[in-house]
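K.L.:
Chains X and A, in that order, are what the protein sequence lines are.
Numbering-wise (the numbering used here), the first sequence opens with residue 9 and increments by one.
Numbering-wise (the numbering used here), the second sequence opens with residue 102 and increments by one.
Hints in this document: simulated from the structure, not taken from any laboratory.
Owing to the predicted nature of the structure, the values given are computational and were not obtained by experimental measurement.
Think of the CB as a built atom: it goes at the ideal place given N, C-alpha and C, for glycine as much as any other residue.
Check the hints yourself; a few may be wrong.
With a cut-off of at most 20 Å between alpha-carbon atoms, the simulated SDA-like pairs for lysine to any residue come out as follows [stated by the list, open to error]:
#, chain 1, residue 1, chain 2, residue 2
1, X, K18, A, R348
2, X, K35, A, R270
3, X, K67, A, P299
4, X, K59, X, Y22
5, A, K329, A, E202
6, A, K117, A, Q157
7, X, K118, A, A229
8, A, K461, A, R366
9, A, K411, A, S398
10, X, K18, X, E113
11, A, K283, A, R270
12, X, K87, A, N231
13, A, K225, X, D76
14, A, K349, X, K118
15, X, K87, X, V130
16, A, K252, X, M110
17, X, K59, A, K349
18, A, K349, X, Y22
19, X, K87, X, S55
20, A, K252, X, A23
21, X, K35, X, A23
22, A, K225, X, E70
23, A, K349, X, P44
24, A, K252, X, I108
25, A, K349, A, H253
26, X, K59, A, N231
Here chain A is said to cover these stretches of chain X; the calculated rule only asks that three of the stretch's residues, wherever they fall, bring their Cβ under 8 Å from a Cβ of chain A [to be verified]:
#, stretch
27, 23 to 29
28, 41 to 49
29, 77 to 83
30, 94 to 105
31, 108 to 120
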Amino acid sequence: MDIPRHWRLKKQRYALVGEVCDHCDSKVFPPRDICPDCGEEAKTLYSFSGKGEVYSYTKVFEAPAGFDENAPYTVAMVKLEEGPLVTAQLTDLDESNLEIGMPVEMVTRKLRSATDERGMLVYGYKFRPVMA
Amino acid sequence: MREVSIVSIGQIPVEKKSSLNLRSMGASAIANALANIDPEQVDAVFAGNMLSDELQGQKHLSALIADTAGLRGIEALDVNAAMASGAASLRMAYLAVASGEADLAVAVGVEKMSDGVPTAALAKALDAENDVADGATMISKNADLLRQYLKHFDVPEDAMENFAVNAHRNAKNNPNALFFGKSVTPRMVRKSRIVHHPLKLMDCSPISDGAAAVVLAPTQDARAFSDKTIRILASSVATDRFSLNQRKNPLWLEGAYLSSQKAFRQANVNLNDLSLFEVHDAFSIMACLQLEAVGFSKPGEGWQLAKENKIRLNGKIPISTFGGLKARGHPIGASGLYQAAEIYLQLTQQADKNQIKRPKVAMMQSIGGAATTVISHIFGN
Ligand SMILES: [Zn+2]
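Next comes chain X alone, as it looks inside the complex (with noise of 0.2 Å):
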């Protein structure tokens, strides 16, 4: 991978940094540089809390290859609180307390197996229970 895109695609996921349009002020994430809200150009960086609530989720056992070793893991669609929906794996979960709408908060993790060819990023973000 070049590395002007390896560089941006690791803040994106290590720090959840995505973007915000200087025009309508939506938060976009993952970063695209126009904003699908108002269509206009939309560079500003802008890091997301990372916190927020779990939208829909669900446990996969038969994971595609990269993830083998992960299986059987829980990927859900994480609502941030500002706004944009992410897909990510819960983490330190306790299954039992895990439903829709539960609070959640960002870590770093690893994600994958080191031998994945197109270089993909081994370490991103998870989510896990807030603790209350």
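Following the hints, put chain A with the ligand in place on chain X, whose structure we already have.
P.N.:
Here is chain A with the ligand on its own, set in the frame of chain X:
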């Protein structure tokens, strides 16, 4: 643009594992479709397929199938729209004939999923950097939708049951269906194993092998090829935000809505004119959300159409009339052509035990990715 008709169809039976190789499956479907037509007259072949690159190490499939089918020298192009590739090839054939570029065109869809493990290959229809990089798959995304649907609309967990029951009842009479001759009871659906909670096995279409083809000609010349023809009244494609994550409401299939609205305008028909609707029931939740997006029910109430048996052959809006993706089988790139072939049989009164009474107008919808690309076709007599 010229009016376009389907003048012939060809199917091979959907199987768990076909004894034919990929190219021969495609060529067989074409041979069946051309049984009463001189192959010399064919101007173009458009092949829909999603997985041959991954599972067979084969690209350039259309030319290979055309050659295998003995169609020498003609135009042959691959068409890909992920799981909607079959419907996309139908659309390309339609455009070729409508524009006057071709006077006789074949759309063929083929998939041989038994040659490998398709889960990762299917996930390539999602966002590689954001959904797949986090371990999501097509199945997990549909499980997410189902869970959110049940919670958001406060719907009982067995709400989707009748989608599978209906599909299997219709597949039982379809000799080309994977589940031909097999009885599947509501109890078997209810007791089927959990794949990705809350998704059960019976909420999912089976991995399978299959191929189907349709032959298109200008309506003005259609009768020269067959006395059983149907007209294509509309062909449309719409897309939604690529990922479910990017949508304001992931439970609303905007692509299905836009695609159907375009098709209704083109065909100059409305919802009430439809005698049947071949849905993309790769997962029961998709069929449900599609019925809502197209307008057969309000959001949150699509499952009631199944519960109240309105999707049966004698119901208000019959769906999956030969088993659908669920029970005829879902050989990915072929499914759109099976849908078209089945509608041809319905509208030409050749559907045998599954015949709907006096059908006039029928619609099919095929979906690529997480309801990202939605292709609609409407047909009439
Ligand atoms: Zn904006």
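K.L.:
Each hint: holds or not?
P.N.:
Hint-by-hint comparison with the structure:
With a CA separation close to 24 Å, the supplied pair K18 (chain X) and R348 (chain A) exceeds the 20 Å bound. Using a Cα cut-off of 20 Å, the hinted pair K35 (chain X) and R270 (chain A) is violated, with the two alpha carbons roughly 48 Å apart. The straight-line distance between the Cα atoms of K67 (chain X) and P299 (chain A) is roughly 9 Å, inside the 20 Å bound, and the hint therefore holds. Of the supplied pair hints, the one linking K59 (chain X) and Y22 (chain X) holds, its CA atoms being roughly 14 Å apart against a limit of 20 Å.
Distance hint between K329 (chain A) and E202 (chain A) is unfulfilled; the C-alpha atoms sit about 24 Å from each other, more than 20 Å. Between the alpha carbons of K117 (chain A) and Q157 (chain A) the distance comes to roughly 16 Å, so the proposed pair stays at or under 20 Å and holds. Taking the CA atoms of K118 (chain X) and A229 (chain A), the gap is near 17 Å; set against the 20 Å cutoff, the hint holds. The straight-line distance between the Cα atoms of K461 (chain A) and R366 (chain A) is roughly 17 Å, inside the 20 Å bound, and the hint therefore holds.
Taking the CA atoms of K411 (chain A) and S398 (chain A), the gap is about 11 Å. The hint holds against a cut of 20 Å. Taking the CA atoms of K18 (chain X) and E113 (chain X), the gap is near 19 Å; set against the 20 Å cutoff, the hint holds. A C-alpha spacing of about 9 Å is found between K283 (chain A) and R270 (chain A), which places the hinted pair at or below 20 Å, so the restraint holds. With a CA separation close to 14 Å, the supplied pair K87 (chain X) and N231 (chain A) stays within the 20 Å bound.
Simply put, K225 (chain A) and D76 (chain X) have alpha-carbon atoms about 17 Å apart, close enough for the 20 Å limit, and the pair holds. For the hint pairing K349 (chain A) with K118 (chain X), the CA-to-CA distance comes to about 30 Å; that exceeds 20 Å, so the pair is violated. For the hint pairing K87 (chain X) with V130 (chain X), the CA-to-CA distance comes to about 23 Å; that exceeds 20 Å, so the pair is violated. Distance hint between K252 (chain A) and M110 (chain X) is fulfilled; the C-alpha atoms sit about 13 Å from each other, no more than 20 Å.
About 19 Å separates the Cα atoms of K59 (chain X) and K349 (chain A), which keeps this hinted pair within 20 Å; it holds. The straight-line distance between the Cα atoms of K349 (chain A) and Y22 (chain X) is roughly 25 Å, outside the 20 Å bound, and the hint therefore fails. Of the supplied pair hints, the one linking K87 (chain X) and S55 (chain X) holds, its CA atoms being roughly 15 Å apart against a limit of 20 Å. The hinted pair formed by K252 (chain A) and A23 (chain X) fails the criterion: a straight-line CA distance of about 31 Å is larger than 20 Å.
Simply put, K35 (chain X) and A23 (chain X) have alpha-carbon atoms about 15 Å apart, close enough for the 20 Å limit, and the pair holds. A hinted pair counts as satisfied when its Cα atoms are at most 20 Å apart, and K225 (chain A) with E70 (chain X) qualifies at roughly 16 Å. A threshold of 20 Å between alpha carbons decides the hint, and for K349 (chain A) with P44 (chain X) the separation of about 11 Å falls inside it, so the pair holds. Proximity of K252 (chain A) to I108 (chain X) is assessed by CA-CA distance (about 8 Å); at most 20 Å being required, the pair is judged to hold.
This hinted pair checks out: K349 (chain A) and H253 (chain A) have alpha carbons roughly 14 Å apart, not beyond 20 Å. Only pairs whose Cα atoms come within 20 Å are accepted, and K59 (chain X) paired with N231 (chain A) is accepted, the gap being roughly 18 Å. Counting residues of the stretch 23 to 29 of chain X whose beta carbon lies closer than 8 Å to any beta carbon of chain A gives 0, which falls short of the minimum of three for the stated coverage. Coverage of a stretch by a chain is defined here by at least three residues with a beta carbon nearer than 8 Å to that chain's beta carbons; for the stretch 41 to 49 of chain X and chain A the count is 1, and the condition is violated.
Interface restraint, the stretch 77 to 83 of chain X with chain A: holds (3 residues with C-beta to C-beta distance below 8 Å; minimum three). Counting residues of the stretch 94 to 105 of chain X whose C-beta lies closer than 8 Å to any C-beta of chain A gives 4; at least three are required, and the coverage claim holds. Taking a C-beta to C-beta cut-off of 8 Å, the stretch 108 to 120 of chain X contributes 3 residues in contact with chain A, enough for the three needed, and the coverage statement holds.
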